Amino acid sequence: MTDDTEGIILSGTIVSVKGLNLWYGDHQALKNINVDIPQNQITALIGPSGCGKSTFMKTLNRMNDLIPGVKIKGDILYRGQNIYDASVNVTDLRKKIGMVFQKANPFPMSIYDNIAYGPRIHGVRSRAKLDEIVEKSLKDAAIWDEVKDRLKASALGMSGGQQQRLCIARALAVQPDIILMDESTSALDPISTGKIEELCLQLKEKYTVIMVTHNMQQAVRVSDFCCFFLLGELIEAEDTKTLFSMPRDKRTEDYVTGRFG
Amino acid sequence: MRSNLDKQLDTLNQEMIRMGMLCETAISMSSDAVLRHDAAEAKKLPDLLEQIHDKDKQIESVCLMIILQQQPVASDLRLVSSALKMVTDMDRIGVQSNDIAEIVTMKGIEGPIDRSIPVREMADAVIHMVTAAVDAFVKRDDNMAHSVVKYDDKVDSCFDRVKEKLAEVLKRTDSVTGRDPETGLDAVAVLDILMITKYLERIGDHAVNIARWVIFSITGIDEKHEGRIT
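These protein sequence lines map, in sequence, to chains A and B. Here the numbering used here is used: the first residue of the first sequence is 1, the next is one more, and so on. Here the numbering used here is used: the first residue of the second sequence is 1, the next is one more, and so on.
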């Protein structure tokens, strides 16, 4: 990260990353990352393939813990608490920081059961409560009107765009604080992509959204804050309008204008 | 993808240079027409203005195609958006040069303008500003663009002196002949000179606008609105 952006403190920071380094074996994938992620905003992580943006995102809910040979140093403070403290329950952390992947991955069960799956694991047994959670989650994911009459139908029969919104609804069902989206629209057509983008803009009223995207225009359209990664370094973290109109670092300028990457 | 964008931006650059040269020619020809009292020269302006209008449309079309096909960002976006603003000012320079030429053809001014009225000085200053503003764009030189902005003070000062001189002419005008015995100008000629110099002053303002868009395209700073456009 450049000196100019180091130490940016935004009011309403939800995640504060300090001196984060990550190695896969001997390969250092993240190098001294320092950034504050703003609350109730959409943060886009951009950069060429292999730059570390997905790795960075996965550190936020400790998805990298399961990878053999991974070594992580530095602090990630979520609401002031270091998520790598020994006392942190990883299951609870992932409940608060949910994730939606590049390819929609509905469970081979009904639409209703897909949404109810998480709450049931977390101990919700009441049918009325589950009904309420399923309806609210599907409404928040802007898909309720399309599926309310076929909740018992298999989720695998839905279109790709609907499946992705179902996965977002499934993430919402456990009442997360932050939603991580890893190229969640890259496999979708423009109409489905548009619906997910509209959804993100609605979601930020209640949640913080952090998305990895290779689509520069998508980052411009929907994100408020943007982080540009290159070769494991966070080169620039800025409000999106500034980053795409007057980037501070020439490497950012060269990437967003398509001069490399 | 980038190589295609580079080609389109190069085309835009070339067309902007051509339009700038047309504007320089327009202001030079109309000034010559005034200073040499050359109606034949003045009558060439409408054709030149037509070429400037055509170039304006052509550049707008190039810019819209770049926006449509490339969705430019950062310095590319600043260049394209600046070009769209600059052509409007360049087009107005063409229109106002033509307005000056029209006054010459109407024969309200009956001969070369007396040198005591600083029209030539003002015309030279404005031609310098337009030429330097276009040069600043071509050379991507924000210092040169800043010098154009400052140079406008000289044009404004010239205009003030022209107004003072014309007021003196009106005061000296003989009630019988209706003319100033020193310069030979009558009231119609005074009004024509005032109009011509007002057009020159406006052309200077357009040159300042062009220079400010050049500065914005290079630095991202919008001096007119005192800040960064983000």
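One or more hints might be untrue.
Restricting the straight-line Cα-Cα distance to at most 25 Å, the calculated cross-link-like pairs of lysine to any residue (SDA-like) are [what the hints assert, rightly or not]:
no., chain 1, residue 1, chain 2, residue 2
1, A, Lys241, B, Glu223
2, A, Lys250, B, Ser75
3, B, Lys139, A, Arg259
4, B, Lys224, A, Ser245
5, A, Lys152, A, Pro108
6, A, Lys103, A, Asp145
Hint data in this document are derived by calculation from the structure and do not stem from the laboratory. Since the structure is predicted, the reported quantities are computational estimates derived from the model, not experimental observations.
Taking the hints in turn, this is what the structure says about them:
1. For the proposed pair Lys241 of chain A and Glu223 of chain B, the alpha carbon gap of about 19 Å is at most 25 Å, so the pair holds.
2. A hinted pair counts as satisfied when its Cα atoms are at most 25 Å apart, and Lys250 of chain A with Ser75 of chain B qualifies at roughly 11 Å.
3. For the hint linking Lys139 of chain B to Arg259 of chain A, the alpha-carbon distance of about 21 Å falls within 25 Å, and the restraint holds.
4. At roughly 18 Å between alpha-carbon atoms, Lys224 of chain B and Ser245 of chain A fall within 25 Å of each other, so this suggested pair holds.
5. The straight-line distance between the Cα atoms of Lys152 of chain A and Pro108 of chain A is roughly 12 Å, inside the 25 Å bound, and the hint therefore holds.
6. Between Lys103 of chain A and Asp145 of chain A the alpha-carbon distance is near 23 Å, which keeps this suggested pair within the 25 Å criterion.
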